[in-house]
Amino acid sequence: MASIELDLSHSYVAQPATEDDYALLPLQYTFRNGGAYALLGPSGCGKTTLLNCVSGLLRPSAGHVRFDGQDVTAHTPQRRNIAQVFQFPVVYDTMTVAQNLAFPLRNWGIAPDRVRERVGRVAEMLELSSVLDRRARNLSADAKQKISLGRGLVRNDVSAVLFDEPLTVIDPHLKWELRRKLKEIHQEFKLTLIYVTHDQTEALTFADQVVVMSRGKVVQVGTPDDLFLLPGHTFVGHFIGSPGMNFLPARWQDGGVQVGSRRLGSPAPELAHRLAEGGAFTLGVRPEFVGLAQAEAMGALPVSVARLQDVGTYLLLTGAFEGHAIKARLPLDAGAPPVGATAWLSVLNAHTCFYRDEELIR
Amino acid sequence: MKPVNQKAWLLILPVVVCVAFSAILPLMTIVNYSVQDIISPERRVFVGTEWFASVLQDEELHNALWRQVGFSLAVLLVEIPLGILLAICMPAHGWRASAVLVVVALSLLIPWNVVGTIWQVFGRTDIGLLGATLSWMGFDYNYTGDDVDAWLTVLVMDVWHWTPLVALLCYAGLRAIPQAYYQAARIDGASRMAVFRYIELPKMRGVLMIAVLLRFMDSFMIYTEPFVLTGGGPGNATTFLSQYLTTKAVGQFDLGPAAAFSIIYFLIILLLCFILYNWIQRAGTSGAPDEENVHA
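Chains W and A, in that order, give the protein sequences. Just so you know, our numbering puts 187 at position 200 of the first sequence, and the rest follows in order with no gaps. Just so you know, our numbering puts 772 at position 170 of the second sequence, and the rest follows in order with no gaps.
The set of hints was computed from the structure by calculation and includes no laboratory data. Treat the hints with care, as some may be off.
Here are some of the chain W residues that sit facing chain A, going by a computed Cβ distance under 7 Å [to be verified]:
#	residue
1	F73
2	F75
3	N94
4	I97
5	P99
6	D100
7	F215
8	T300
9	Y301
10	L303
Beyond 12 Å from chain W on every Cβ pair, some chain A residues (computed) [as the list claims (entries may be wrong)]:
#	residue
11	V619
12	Q638
13	L679
14	G747
15	Q781
16	Y784
17	D790
18	A796
19	M823
Glycine is no exception: its CB is placed at the ideal position from the N, C-alpha and C atoms.
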C-alpha cells in the first residue's frame, strides 16, 4: 500500500500545442493510502488514461508518478505492484478458475500453500468457491468478471487496486452486491482503491472522495456531499444529480439578484459582497432545492409548467421562465399546478450556488 | 396431408447437373475403370476387385504412402511453429506492418510449377545460389543425386512456399486478441512465455486448426513442385502418392490399377478430412462462445 502522488499530463501527439491535444491536462493530485476514490466523468474525459498512468500501462508524456515519495514513472506495472481490473472480463481460457486466481500470485513466486489460502479466501469472498475447478472459458460473463475482480484482489500487498468500469457487463442485481462487496473489502483490508466510472450512483456510493473529470481536466475533487451541495464547476452541477442542476443567467442589480425581469432578493452578506463585484453571473439550484412558493413571493420565479412526470417517489416538474428551462423535484402531495398553468418556484435559498466563468463563487 | 411442392426439384436441378458433371460422373468413370482390365480401347475384361487387391499389396505404393505421411508430418512440424514465430515477430501497426505483409505473402502468389523451377535453379551446384553456396562451404550437396538432399530440398521448398500462409493466419488470429488481455497479463506480472502460453496460443487455436488442416491436406496432395524439381527422384526418394499415381496412369497407362488406387487415395483423404473436421467441430463447441470477441 502506498499513497500515490500524481503530477503529470499526457498527450497522444508528440508536440501538444492547444488544450485539445491533451488527453490529460496537467494535474496534481494525491491519492491517500487506504482511501476509496472514484474517477467520474463522461466517456472520453481521460479517466482511463489517468488510471493507466497510475498503473504504469501508460507512461505520461510529462511529469511524474510517485508512490510514497518514490518516483515510479519509469517502472512497469509489475514493479509498481499494482492490481487492475478492466471493463471487459479477461480470463485465461485454458486455466481453471482456481488457476486463474492463482496466476498473479504464482508470477510473484508466492509459496503454494499461501497461494491456496489466498485463492480460497478470494473465491469465498466473491462466491466462486463452487466453480473453482471448472474451466474459466465455459462460465458466464458475470462469473468471468468476478474472476477478473478476484485476480485484482488476490494479492493483498499491492500498492493499490484500480478498477476500470468493472461492473459494466454485470447484471444490475449483481452490480449492487459486488459494489457492496468491494466496499466491504475496502473496509476490511484498507486497500487503496481507485474506481473509474461514468455512473454517478456507482461513484457516489463507492467512494470517500470523488474526482470529477471533464475533457482531460479534473474539475472538482470532493466527498459525494460536496459534489452534490456545492458543485465547484457548472459541469459538476450538471453531471451529478438526476436531473442535473438548473442554471439561470443572473446579474447583480440594486443590491439584489436579478434574473430576467424578476428581482430575487439577496443571499448571505459575504456572498452578496462577492456577487456585487462583477455584473453577470449564473445562478445554480438543484431541482431538489426548488420549492413551490406563494405567488409574487420574494425569491420566487413564475414558471409556466410544460410537463409533470410522476417518477414514483416524487413529481418532476419541467417548466420555463422567460425561455430558461427549470426543473423541480416536488413531493407527490405538493399540489403542483397543472400543465399550462404558472407555478411560482423559489430558487433562492441556502443551497443556491452562483457561478462566474463556470466556476463557483464562494 | 401436407401438400408436397415438387417445384423444389426443379430449383436444385442446376446444382445437380453441375455436381454430376464435375464430380459424380468422373468419379463413376474411375470406378468403372477400376473393375476392368483395359487391354486396348476395344478390348476390356471385367476383373472385379482384383486391381484393388493387387494395389493394396503393392510394395512401391506402401513406400510412397509412408513417404507421403512422413513428408506431411514434417511439413506440419516445421511450418506450424515457424509460422507462429513469424506471426509474433511481425509488426502490428503502421507502414511496416503493410510492408511486411506484402513481403511475406509474396511466395503465395507464385504458381506451383514456377516455384519448382525456381528451386531447381536455386539448388544447382553450378549456377544456383543455394547449391553453389553449399558446395563452396564444403557440403556435398546434390539434390539430383542424393536421396536425403532431394527430400530435404523438397521440404525446404514447401516450407518456403507455404509457411507464409500459416504466418498470415496466425497474424490474423493474434491481431484479434483484445489489448485488455495483454494489459491484464502485464498487471498480473506474466512473463513473455506465459503470455504466449496462456493468451496467444489459446486465442489462436481456431486459426491454427485451419492452418493445420490446410497444410496437411495440401501437402498430402503435393504434386507439381516435386514433379518439376526432382521428378520423384533420385530413384523413388521423393515420389509421393500423387506422383506415383500419375506415373502409373499416364506414364504406364495402367488404367485399371491407377483407377483402383485413385479410389483408395480418395478414401484416405476422405477419412482424414472426416477425422480433422470432427476434431475441429468438437474443439469449437466444447466451450461457450467467446464474449470477449463480441466486444472486441
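Here's how the hints hold up against the structure:
1. At about 5 Å, the closest approach between the beta carbon of F73(W) and any beta carbon in chain A falls short of 7 Å, and the interface hint on this residue holds.
2. The closest approach between the C-beta of F75(W) and any C-beta of chain A is roughly 5 Å, which is under the 7 Å cut-off, so the hint is satisfied.
3. This hint holds: N94(W) has a C-beta 4 Å from the nearest C-beta of chain A, less than the 7 Å allowed.
4. The beta carbon of I97(W) is not positioned within 7 Å of any beta carbon in chain A (closest approach about 11 Å), and the interface hint is therefore violated.
5. Taking 7 Å as the C-beta contact cut-off toward chain A, the hint placing P99(W) at the interface is violated, the least distance being around 17 Å.
6. With a cut of 7 Å, the hint placing D100(W) at the interface with chain A is violated, because the nearest CB-to-CB distance is about 20 Å.
7. Interface hint status for F215(W): violated, as the beta-carbon distance to the closest one in chain A is roughly 33 Å, over 7 Å.
8. Evaluation of the T300(W) hint against chain A yields a violated restraint, the C-beta minimum of about 35 Å exceeding 7 Å.
9. Evaluation of the Y301(W) hint against chain A yields a violated restraint, the C-beta minimum of about 37 Å exceeding 7 Å.
10. Interface hint status for L303(W): violated, as the beta-carbon distance to the closest one in chain A is roughly 35 Å, over 7 Å.
11. Distance to chain W confirms V619(A) as a non-interface residue, since its nearest Cβ pair spans about 46 Å, more than 12 Å.
12. The non-interface label for Q638(A) is consistent with chain W: the shortest C-beta to C-beta separation is roughly 55 Å, beyond 12 Å.
13. For L679(A), the shortest C-beta to C-beta distance to chain W comes to about 22 Å, beyond the 12 Å cut-off, and the non-interface label holds.
14. At the 12 Å boundary, the C-beta of G747(A) stays outside the reach of chain W, the nearest C-beta of that chain being 48 Å off.
15. The Cβ of Q781(A) sits about 9 Å from the closest Cβ of chain W, inside the 12 Å cut-off, so the non-interface label is violated.
16. Not every CB of chain W is more than 12 Å from the CB of Y784(A) (nearest about 9 Å), against its label as outside the interface.
17. Chain W draws D790(A) into its interface by the beta-carbon criterion, the shortest separation being 4 Å against a cut-off of 12 Å.
18. Annotated as non-interface, A796(A) brings its C-beta within 12 Å of a C-beta of chain W; the closest such distance is 7 Å.
19. At roughly 33 Å from the closest C-beta of chain W, the C-beta of M823(A) stays outside 12 Å, upholding its exclusion from the interface.
Figure legend: structure checked against the earlier numbered hints; hints not met, in rising order: 4, 5, 6, 7, 8, 9, 10, 15, 16, 17 and 18.
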